[in-house]
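S.K.: What follows is the residue order along each chain.
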Amino acid sequence: MIKIELPDALRPLADGAREIAVEAGNVAEALDELGRLHPEARLRILTRGGQVRPHVNLFVRERDIRSGDGLATVLEDGDSLLVVPSVAGG
Amino acid sequence: MVLDRRLAELRDRIRQLTPTQAHERLTAGELLIDVREPGELAQGMPAGARALSRNDLEMCINELAPPEASVMLICASGPRSLLAADDLRRLGYERVAVVTGGVERWKREGLPCVRPECIDADSAERYARQLNLPEIGIEGQAKLAGSRVLLVGAGGLGSPAALYLAAAGIGTLGLVDDDRVERSNLHRQVLHRDDRIGWPKTDSARATLEGLNPKIEVRTHQLRLDSSNIEDVFSDYRIIVDGSDNFPTRYLVNDACIRLGLPNVYGAVQRFEGQVSTFAAGGRPCYRCLFAEPPAPDMAPSCSEAGVLGAVPGIIGLLQALEVIKLATGVGEPLIGRLLLFDARTTRMRELTLGPDSGCRYCAKGSDFPGYVDYTEFCSAPGREELETHD
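Those protein sequences? They're chains A and B, same order as listed. Counting in my numbering, the first sequence runs from 594 upward without gaps. Counting in my numbering, the second sequence runs from 119 upward without gaps.
Source of the hints: derived by calculation from the structure; they are not laboratory data. Note that the structure is predicted; figures quoted are calculated from it, not measured. Every residue gets a Cβ at the ideal spot worked out from N, C-alpha and C, and that includes glycine. Mixed in with the good hints, there may be bad ones.
Now the in silico label distances, taken between C-beta atoms and shown as ranges [what the hints assert, rightly or not]: (1) D350(B) x L630(A): 45 to 53 Å; (2) H305(B) x G643(A): 39 to 47 Å; (3) M594(A) x P488(B): 41 to 49 Å; (4) T465(B) x A614(A): 53 to 61 Å; (5) L378(B) x E633(A): 34 to 42 Å; (6) S345(B) x G609(A): 21 to 29 Å.
Kindly produce the complete structure, drawing on both the sequences and the hints.
M.R.: Printed below as a string of structure tokens:
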């Protein structure tokens, strides 16, 4: 089981959930599962073409997936996928 | 008489060095501690000595030296250092020596002194509780006094940061903001007050900060940063604090910091969450390594639209102030290459590792500065989704 941790800004698009549990072997699969449950939340993270949006970062085991294998970064049972979007407020 | 007898006993037991001998040992790397009170240091202290008053010596000596280390002590003329040396010996410091004749003789013999300009009697009292910290001390305070820090935004993040940086004695504190104080600001923008509604935020900030600490220079820039003025404004400062409330300014700040070689202390908040990091001079990583481009407006509402709990920017702004103090004094480890996330709902902090983006157009090795981007139009233009080329 993988846990997707959503930021405050995306929770309204996922029925208010902080965390979504999915079965997935890598980051892309986890986000596909998220899209199946909450399509709008996925669309805030990935473009329609399936690329990570430039104002969003994804972290697995506290490391940016770009320093791993990007969307192909392998997820193991118990891992969490943290979604960190840019926020501008000051 | 009792004291004279005691000092005579101590002179028999404690090794005494002439100022010249102490200077030679200091040059060779041995520790020399000036045990006078902070207020006495204004007239100069031996160059290279550490300030730790006799009052705090026993409590803090372990932060400067272990018991097996050689330690030299100096005071104004000699007696205090003997008594302090005795205190240290009781703590288990065996290799303690004192400088005979103290700083007075040190000066008479023409040995090098530093005269920290920030430490007059007012400053000694004002900063006493941070001068006490061996890691800050008189040298750290002088570094704070010599710092030139610019806060971008005198709002939710800039307010707490400015208050604490002014209080800490940052010598030149600049603020950029073109807004005026509104009542809806006051739940989080604690620089301002109800009776200043309608004032330019820069004027309100100046009034508060000069009232808090008249020893520092507050400089205000009542303008909106854009690509035509940002370098002029930034070039007078050495550390930039990004407390802005919009994406166009945040990208301008990042890009100007890269271009001018300035560190960027980043903070941002929304609702119950905050982010903070420090992007070193030259980046790698920089803000664009983290977030390459701003979102379309419908993807990320601004603070005023999204709402924010006032204490959240309070916490993030103070973390930014802490980063500035660390950068200015060299104490501790700044948040370089680390992103701290704060969730007020759970009161949890999370630290994420940030690496440089090898494809970053602004800070990657060998990249030429691509110029500033006017995101104002870009962000407000409708239908950005259609503009995305990577779809």
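S.K.: All the hints need checking, so say for each whether the structure fits it.
M.R.: Status of the hints after comparison with the structure:
1. Evaluation of the 45 to 53 Å hint for D350(B) and L630(A) yields a pass: the beta carbon distance comes to about 51 Å.
2. Separated by about 41 Å at the C-beta atoms, H305(B) and G643(A) satisfy the suggested range of 39 to 47 Å.
3. Under the hint 41 to 49 Å, the C-beta atoms of M594(A) and P488(B), about 43 Å apart, fit the expected range.
4. Between T465(B) and A614(A) the beta carbons are some 23 Å apart, a value that contradicts the proposed interval 53 to 61 Å.
5. About 40 Å separates the C-beta atoms of L378(B) and E633(A), a value consistent with the hinted range of 34 to 42 Å.
6. Separated by about 40 Å at the C-beta atoms, S345(B) and G609(A) break the suggested range of 21 to 29 Å.
The structure shown violates the earlier hints numbered 4, 6.
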